[in-house]
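*Asks:* Given chain A, put chain B in place with the hints provided.
Chains as they are written, first to last, in the working numbering: chain A, 93 to 397; chain B, 3 to 275.
These are computed hints drawn from the structure, not numbers from a lab. Note that the structure is a prediction, hence the values are computed from the model and not measured. Each residue gets a CB set at the ideal place from its N, CA and C atoms; glycine is no exception. Check the hints yourself; a few may be wrong.
[As the list claims (entries may be wrong)] Here chain A is said to cover these stretches of chain B; the calculated rule only asks that three of the stretch's residues, wherever they fall, bring their Cβ under 8 Å from a Cβ of chain A:
#, segment
1, 29-35
2, 60-72
3, 222-233
4, 242-253
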Amino acid sequence: MTAAAEGQATPRIRRAVQKSLLQSEQAQGWALISPTFLFALVLLVAPILVVIAHSFWTQDYLTIDRTFTLEQYRIALTEPIYRDLLLRSLYVSLLVSVFTVVLAYPIAYFISFHGGRRKGLWLFLITIPFWTSYLLRVMSWKVILGYNGVLNSGLMGLGVIDEPSTALLYNTTAVVITLTHAWAAFAILPIYVSLEKVDRTLIEAATDLGDGPLRRFLRITLPLSVPGIVSALLIVMIPTVGDFVTPRLVGGKDGVMIANAIQAQFGKASNWPLGAALSVTTMAVVTAMAAASVFIIRGAARLAR
Amino acid sequence: MTAMRKLLANWLPAYAFLYIAFLYLPVLLLPVFSVNASPIPKFPLTGVTLDWYAGLPQTPALLDAAWNSLVVGVAASLLSTLLGICAARAITRYRFPGRRAVSGLIMAPLVLPEIIVAISLLLVLLQLGLSLSLFTVVLGHVLICIPYSMTVLTSGFEGFDRSLEEASADLGESAFGTFRRVTLPMVAPAIVSSLLVSFTISLDEFVMAFFLTGTDPTLPVYVWGQLRFAAKLPGVLALGTLLLAASFLLLTLAEMLRRRAERRTKLTGGVLA
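So here's chain A without its partners, still in its complex pose (with noise of 0.2 Å):
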């Protein structure tokens, strides 16, 4: 009798034991992730915010006159200056994006698939001049790419070219190149963890039913691994779009981009309101890009099986 009430009541206990327990289980998880994340809140949300009022505000001379007005939009889409800037800025980042994950999608396929027990070698080796100064890799490829370059030097040497060209700096070939020598890594390691992720024996019965090794990799592998190479494009794009030092060092007066823009009306020009308008369309577009791309890529992958 005793017994039978006790398995009854245990249950309920058990339950609002549980219940409580799971509650302050969620307190402690919000409690102890409340520090970073008000860090971030101040330090990120609110500032972004702050930026998308400046862009909706106007500024003569130092003061801010806080009217709503659309006039610093009118100026960042019309103005042939800041259009031209913005979309050449995009074009750079398109571009460097789909180099840096075509370039990039072998090496963690490699690593990937047969790197066999030095996988962890392999990807230590990649990131290591990632870690170096950004500022100095983009200076090194000023010295690579010069009039009196590396690559210059190199090629008359070989008797390819008989004077230094002047193609190879101070353009957007020389910034798509730097960039994509920058990011290289950020691409890698996407990629590589969706290839780890592939169910091997899928690739096995596959061979087993008699499918070569492209079709193999055409059917399996590379559609398996998209979300990789999603988050690699993305990971790619949307910082690239915003860089101002390699455009400004290798970039010459052809390669300036829309940061460059920016970054002139935080200082020199000081016309925040302006600078703001300007950091927000940027944003608003390359975000419709990278959306384009991924439903694009998305719907490729759909095709291809």
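*Replies:* Using the frame of chain A, we list chain B on its own:
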């Protein structure tokens, strides 16, 4: 089929080595030209000299910048690791609503254009009436170091056997006592690794420092100023080589510690499981 396979097997390693060469070419040119006798960086090299290195300690501005970078790096790595520990612990140990959204927000600086993060921070700090100083640089660096700290720490915290903590709690240890005496020793390598990684990021970081620094430049901001003068280039290359060596050492150490942490948590889990 076998021919195709052979082609693929030979093609891939060759490509891998070429790619590694492409990755390392610009990095390896720094040390090469930093010992070149001629101040113009071009081949053929004119002779070997250590003059550019000898000149470094005689530049007071550079020593100041190096000191500033050290201060900022230590402060930023301590703060970002502390905040990273809280967040990584909360995410690996507790289930709570909004977990993914919050961690997404914390990781966001990784995928945002740095210039936009930097100028928004600049606007707010100026509006608050804060004057730009090394402190504001530290704030910016902590913001972009946290995602890396989080990644290192989450992989250190994950996968370790929670029954150890439960055992400790059952034996009467308080929550803090359990953390200090059971959890902390297990994750210590991950914490040191996070400190090293965020210090290295802070040491090399330019964009944040460029916008948020006051009158005291950090090393990359100092380097940026020097890049305008062609004559100063060899000194910059020498400095860059030293920074490269420092980063390499710190990261090798961080990687070794991270692997040790991984092995340690896996091993203990394996024995008990």
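*Asks:* Now tell me, hint by hint, if it's right for this structure.
*Replies:* Hint by hint, here is what the structure shows:
| no. | hint | verdict |
| --- | --- | --- |
| 1 | 29-35 | holds (count 4) |
| 2 | 60-72 | violated (count 0) |
| 3 | 222-233 | holds (count 4) |
| 4 | 242-253 | holds (count 6) |
Hint compliance for this structure: hint 2 is the single one not met.
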